[in-house]
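Numbering follows our numbering, with no gaps: position 178 of the sequence shown is 200.
Quick caveat, the hints were computed from the structure, so don't treat them as lab data.
We treat Cβ as the ideally placed atom computed from N, Cα and C, and that holds for glycine.
Treat the hints with care, since some could be wrong.
Said to hold, decoys possible - The calculated BS3-like cross-link candidates involving lysine-lysine, where the alpha carbons are at most 27 Å apart (straight line), are:
1. Lys216 / Lys179
2. Lys173 / Lys138
3. Lys138 / Lys179
Claimed, not checked - Cβ-Cβ distance ranges computed for the label pairs, FRET-style:
4. Glu89 / Gly158: 56 to 62 Å
5. Ala219 / Gly176: 20 to 26 Å
6. Glu127 / Leu201: 45 to 51 Å
7. Asp93 / Gly158: 23 to 29 Å
8. Arg217 / Cys163: 22 to 28 Å
9. Gln187 / Asp133: 31 to 37 Å
10. Leu29 / Val215: 22 to 28 Å
11. Asp161 / Thr136: 54 to 60 Å
12. Gly176 / Leu29: 32 to 38 Å
13. Asp154 / Gly176: 43 to 49 Å
14. Glu57 / Thr193: 48 to 54 Å
15. Gly90 / Arg184: 15 to 21 Å
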Amino acid sequence: GARYRRLPLDNLARYEGSGIYYGATNVEAQWCGGEEVIVVGGVNSAGQAAVFLSESCRHVHVLVRSEGLADTMSRYLIRRIEDSLKITLHPFTEVDALSGEGHLESVRWRDNRTGKTETHNIRHVFLMLGADPNSGWLDGCIALDDNGFIKTGGDLKPDDLRDTQWPLARTPFLLETNLPGVFAVGDVRSANVKRVAAAVGEGSISIHLVHRVLAE
């Protein structure tokens, strides 16, 4: 699988599930309905979360360390954020501290240009910072993309197959790596959509493909 990227805060783990979330679903939206929330991150998942949460939350603050979203987010999401009166983008800003007894109660953020900090009574923070694959142990054995995710099927290039001296006349199956009979599914796979349902579906497909390999 993959590990969610986290903020470098000593007490972050204390609030995971109690104010700190790594996904924005209907469940979380119900928990924070009518409240102000924070979305940290400038990638597409952060933009999707901000737009989705703005439908039920009083206001959404989007915090990014860079000067904006143009380099990391799709244009259609940027437009949605810019057009919404319920979403505010805070560039050059990062979460500085968390506090609360049991549940998250307040958040302090810092403007990295000025060093100025602000504390807000916000109880819900969504960390949409991407994820790192648990694939370090495979480096040099199986083809990985530039971010360390496992390449499979049509994503494999001729060089990937030459590296392992692919011995078969056929090309790798959909979910098969550049080692014959070795499959990758779920969050660790390159181009996976990072959803539980997708991982389950890929697992089912891989079983079918394993039977095809065994029959060869």
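Now for the hints, and whether the structure bears them out:
With a CA separation close to 23 Å, the supplied pair Lys216 and Lys179 stays within the 27 Å bound. For the proposed pair Lys173 and Lys138, the alpha carbon gap of about 43 Å is over 27 Å, so the pair is violated. Distance restraint check for Lys138 and Lys179: the Cα-Cα separation of roughly 48 Å exceeds the 27 Å cut-off, and the hinted pair is therefore not satisfied. Distance hint check for Glu89 and Gly158: the Cβ-Cβ separation is about 32 Å, which falls outside the suggested range of 56 to 62 Å.
At about 21 Å, the CB distance of Ala219 to Gly176 agrees with the hint of 20 to 26 Å. Take Glu127 and Leu201: their Cβ atoms lie about 50 Å apart, and the range 45 to 51 Å holds. Between Asp93 and Gly158 the C-beta distance comes to about 27 Å, which sits within the given range of 23 to 29 Å. A C-beta distance of roughly 27 Å is found between Arg217 and Cys163, which places it inside the suggested range of 22 to 28 Å.
Checked against the hint of 31 to 37 Å, the C-beta distance between Gln187 and Asp133 comes to roughly 54 Å, which is inconsistent with it. About 24 Å separates the C-beta atoms of Leu29 and Val215, a value consistent with the hinted range of 22 to 28 Å. Here the CB-CB span from Asp161 to Thr136 is close to 41 Å, at odds with the stated 54 to 60 Å. For Gly176 and Leu29, the hinted distance range of 32 to 38 Å is satisfied, since their beta carbons lie about 36 Å from each other.
Between Asp154 and Gly176 the beta carbons are some 24 Å apart, a value that contradicts the proposed interval 43 to 49 Å. Taken as a hint, the range 48 to 54 Å holds for the pair Glu57 and Thr193, whose Cβ atoms sit roughly 51 Å apart. Distance hint check: the CB atoms of Gly90 and Arg184 are about 41 Å apart, inconsistent with the given range 15 to 21 Å.
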